[in-house]
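Numbering of the sequence shown is given in the UniProt record's numbering, commencing with residue 1 and proceeding in unit increments.
Some hints here could point you the wrong way.
In the DSBU-like style, the derived pairs of lysine-lysine whose C-alpha atoms are separated by at most 30 Å in a straight line are [to be verified]:
#, residue 1, residue 2
1, 478, 378
2, 629, 651
3, 288, 372
4, 378, 337
5, 426, 337
6, 502, 573
7, 367, 378
8, 170, 96
9, 339, 367
10, 47, 339
11, 802, 827
12, 50, 288
13, 339, 288
14, 372, 50
15, 372, 339
16, 248, 379
17, 102, 65
18, 379, 426
Simulated from the structure, these hints should not be mistaken for lab results.
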Amino acid sequence: MTDDYFNLGPYGRTVTTNSSGAQLWFNRGLVWSYSFNHEEASRCFIKASKADESLDLATTITEMKPVLQRARALAAQGASPAERALIEALGARFPKEADETKPEDLDLHALDRAYADAMRPVYEAYPEDPDIVALFVESLMCISPRALWNLDTGEPCGPHTTEARRVLEKAMASLPGASNNPAYCHLYIHLMEMAPYPEVALPAADRLLRLVPDGSHMLHMPSHIYVACGDYRAVIDSNNQAMAVDDKYFAREPGTLLYIMYRSHNIYVKVYGAVISGNFAEAISGMKRLQEILTPELLSITTPPIANWAEGFLGAIAHVLIRFGRWNDILDLQLPKDKELYASTTAMIYYARGIALAVLNRVDEAKEEREKFEAARKKVPPSRLNSLPVREVDVLEIGSAMLKGEIEYRQGNFEEAFDHLRQATKLEDNLVYADPPPWMQPARHALGALLLEQGHVSEAQHVYEEDLGLSETLPRRKARLNNVWSLHGLYECLIRQGMHDKARYIRAQRDVALASADVPINASCFCRLSAVESTNQTPTNPGFTDYLSLRRLKHDLRGPERRRQSDQPPSSKLIELLPDRPLAEYLMRSYFSTFETTLRILHVPSFISEWNAFCDRSVSHADGLLNNKSDIFIAKLLMLMACASCFATEKTEPLASAGFSPQSLIQTCHTWISAVTTWLAAMTSHAQLNLDVIQIKCLLLLAQQATAQDGDLASLASGSLLREVMLMGLHRDPCNFPNVSPFWAELRKRLWLTIIELELQASLYSGIPLAVSWDEFDSPLPSDIDDEDITIVSPHLPPSRKSNTLTRTSFQIALAQTLETRIAISKMVNRVRLSATYNDEVTTLSERLTTGLAQAPADLRDDTSTSPSPNDSSVNTQFRRSFFLFLHYRSLLALHRPFFLRFTETQLDQEPFIFSRRVCVQTSLALLSQLERFPHHRPNNNQPSAPLPNNDNQFSPHIHYLKGGLFRDDLFHAAATICFELRLQTKSHDRVFNIPFPGTSISEYMDQSVYYQRLALFESVENTIRYFEGKVRVEKRATKMFSILMILFMVVRSEMAAAAGGSIDGGGGEETEPLGVDDACPVASRRCRDALLEGYQCQDEGRGIGHLAEGEGGGVYQAAESSQTQGLELDTAVDACHHTNAPRPVAWDDAAADDLRQLDFDWCFALDPLSPYPINNWADLDPLMM
């Protein structure tokens, strides 16, 4: 008896022997047999035979025929009946003595079934014999090994599975000590691991861990159930125990090739458990151990073919490094010298390199690696296995689809990328069962991460639910239960969609799973761009990746709004969309005091009269009596209300009474716009050719600008609308139509000017040539009268008002005085080729426009004017003035900006360009000075900002309250022009002299007798940055303009500070190094992201959208302060760029007061000129502006 032998537990079987030593070694051999260490079992049986020769277990088994003959002979001499029955049944497992069939030609399936049939009567005769039960159950399971359950249906694959389960569960429940029988636990794990409810084997798995302390396979076996149930921490622990026991065993015994394969399998399963649970240390240690064991000498053995069995394990290094985003480590991987022997590993390294290069945006190199991967996988032998019984060639098909998807994604071909990744999931799902799964990193993790990145939150949620076994569309046993990667992804999806109750349950599971991870989990796949950032492995070309990341964030934050629009069924009746009467009348008054005093569309008294009549009808009659004419009126009403919605504030009493916030009102307006658009589309083309429908379309186009609902596509609508009204003859003098009454003639003239103005603004915004020329219409100007001066039955028009009295139409008439000039400017700047002469055309147009502006009524160009207002006291003069100046300055800036941007250091003395430079600076300052009236504006003197008005009568609508569309970008271009001017001043040390343009109110910063002071220029840009930051925070818009403007501003400011010895005012100071664009990008982009998130949180609280509470797992969007930045004071933005974690978002006013150079950010963003002008046609642009 050997006291220092391996501890195999107490299990044994009494055999026919009088030798205690023989019984001991037999028991050990039996346990080793149940533990699948057949070589060690054979050695134990030999020792048992030496202790008792009557056992005769010492024969070396090379052929079964003589062994069976000897066993039968010994059985006749004194074996028990049970032993004799077992010997006879064993004969059915092997060919008959007369059968000369070669081993490779044998029908093993038929032999397995025959053996099970032979064991059944033995079991029936001895149902309480524990080992006979085990051998019978094993015989049934071998009828279809690794295929006992249908993974798709969850049903047993045949009656043998059902019978095996019945027999084994009966024995475990009834036989003495059966629950601690290692054979039963082992078999039950294999029996139930493919079942749709593998958790029933958890008790057996837990018990098996302590039954055979030194049996590594028995320590490993519970992990089959732990994997199936998603307990990956237990997977790692059980296989770590098995590895320790293996080390003990192999230090003492050489081990067989087969047991070395079992040893490698233990390690491989541990690696899988570590990968799926986010534990890099355990995963990489397992891979290193595999590389130590699976040596070239071992893999070179051909009989049996070890490489076919085990070489595929080594390719898992690709999965480990990809899983944890170790892109640089992947690129450092060395290819095997013997690529034929290491065929699978070679292909996987090429695959990993392709993924890494794609993620790092080195797409061309990634394509080269993909070609190498495709060539390498063709050389993998069909006999090479991955995880038994899956062939490596089938597994590499998944890698091919994954790699294609990643490369297409980096090229911006998102749908093609998603198609490839979806195909990868199908290929993965169709693999036969293996443990662990052959493709270590589920394809769904990459698919879900990239879907989320592009805002496809709903589909990503479905992908994660499938992966977690929470969806009926994927069988549970093909899922990866409780894996931290998909739990994180699903939690993020639920939070973004406002599903907080569901998210609360998922969060608990996610937090438990996170306890096993040793790396931060920011995404379900590190191929997601935000996760690339978290690994500190910045892409070689960050512009593209950062652009995608910010676009993803914008898309996600707008997602709830889009879902509300798509989830709300369209109303079959427009009347059902109308709000309460007080809110409707408030919005009507707001519209009439703003838009209807500028771009004339409606006749106000007629519309109000129709409103009153409509209200009376809707109260006294059923809806069914409201006719098509009512629908036309309601469509007008909805659209004018949508136009005025951008002016609503939190202080608006009708808004609060109706249960709206300003944001929810805009969202409701989007529903109105969609409904009216659908209503118009249902009309025939001829039915649309009437003035009522034209009015609706004009209001619709303005509403899209006011609410940012496809406002950037206005050029499509305005061009189509222009053609429609020309078909109706609105471009012609109404005198050509004698049957048109004075009222309708006046309305036609107003509508024509409104439509031509909208088309002109769309042309300037989009860079598309104007659809009409000045000589292609002869419609005269409307009369300068108020709406109350004319009715639909007026036989003739009254005389125009006095020149010093403004009417609602005065704006349109004054604007028309410069229409020809502004049309000419649009035509010129939108030419495909620049053919204008500067002195003959540019200066002439500039002079005509500025002269026309100077001759406009003082009330439209000067806020100090005391000119009488229209009779309607509700007319908002500030809105009209801001709109009037904006439209003129926009054209002037469009005319001169291309020439100003052609400045180089050697062209500063060219007089024509100096003139354009002056005009651009003056125009830009005039545009930007209007921002000083905004309630959120706060100068840099740290004085409190002006409070919001307490009532609506004090609130002053402004053109810049429009949410987007035609009037979106010009403030940005004005501020960028100022940045360019500051840069020129830095280079040339000069300043521009001239008188400020109308509307400029920065006299406190100007010395008008000499120069524009630089402080005024800086102040105007900073005001603009605050304005755009407000739009980013509240509206989730203008992120590009905000980010790019901050980049320009920081670069220019740092250059000026460096040139002035550390101070922008030239007062001296500590010398600083100028920032480059690469330094400024992270600062600007991080601030942009924080502004987006802060606004998102505010919306969450107000409207129930996904709220990211502090401390919650907000995914890549959570801006949490890390220990790296706590208490850190940075002197320059350059220092800030080197830190990887951003502070929590600052409040609006706090951010506005901060020095823009002192923010600790690290996120990058792509520089984009965002020019509405065809600047590619103007040569020699300064590199900063490109």
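Okay, the hints, checked on the actual structure:
Among the hinted pairs, residue 478 with residue 378 is consistent with the structure: their alpha-carbon atoms are about 27 Å apart, no more than 30 Å. Restraint check: the Cα-Cα separation between residue 629 and residue 651 comes to about 35 Å, which exceeds 30 Å; the hinted pair is violated. Between residue 288 and residue 372 the CA atoms are separated by roughly 25 Å; this keeps the pair inside 30 Å, and the hint holds. Distance restraint check for residue 378 and residue 337: the Cα-Cα separation of roughly 18 Å lies within the 30 Å cut-off, and the hinted pair is therefore satisfied.
For the hint linking residue 426 to residue 337, the alpha-carbon distance of about 34 Å lies beyond 30 Å, and the restraint is violated. Simply put, residue 502 and residue 573 have alpha-carbon atoms about 35 Å apart, too far for the 30 Å limit, and the pair is violated. Restraint check for residue 367 and residue 378: satisfied, since their Cα atoms lie roughly 17 Å apart, inside the 30 Å limit. At most 30 Å may separate the alpha-carbon atoms for a hinted pair to count; residue 170 and residue 96 exceed this at roughly 34 Å.
Of the supplied pair hints, the one linking residue 339 and residue 367 holds, its CA atoms being roughly 21 Å apart against a limit of 30 Å. Taking the CA atoms of residue 47 and residue 339, the gap is about 44 Å. The hint is violated against a cut of 30 Å. The hinted pair formed by residue 802 and residue 827 fails the criterion: a straight-line CA distance of about 34 Å is larger than 30 Å. A hinted pair counts as satisfied when its Cα atoms are at most 30 Å apart, and residue 50 with residue 288 does not qualify at roughly 42 Å.
Under the criterion of a C-alpha separation no larger than 30 Å, the hint pairing residue 339 with residue 288 is consistent with the structure, at around 19 Å. For the suggested pair residue 372 and residue 50, the alpha carbons sit about 59 Å apart, so the restraint of at most 30 Å is broken. Restraint check for residue 372 and residue 339: satisfied, since their Cα atoms lie roughly 12 Å apart, inside the 30 Å limit. Under the criterion of a C-alpha separation no larger than 30 Å, the hint pairing residue 248 with residue 379 is inconsistent with the structure, at around 38 Å.
With a CA separation close to 14 Å, the supplied pair residue 102 and residue 65 stays within the 30 Å bound. Between the alpha carbons of residue 379 and residue 426 the distance comes to roughly 24 Å, so the proposed pair stays at or under 30 Å and holds.
Comparing the model with each earlier hint shows violations of hints 2, 5, 6, 8, 10, 11, 12, 14 and 16; every other hint is respected.
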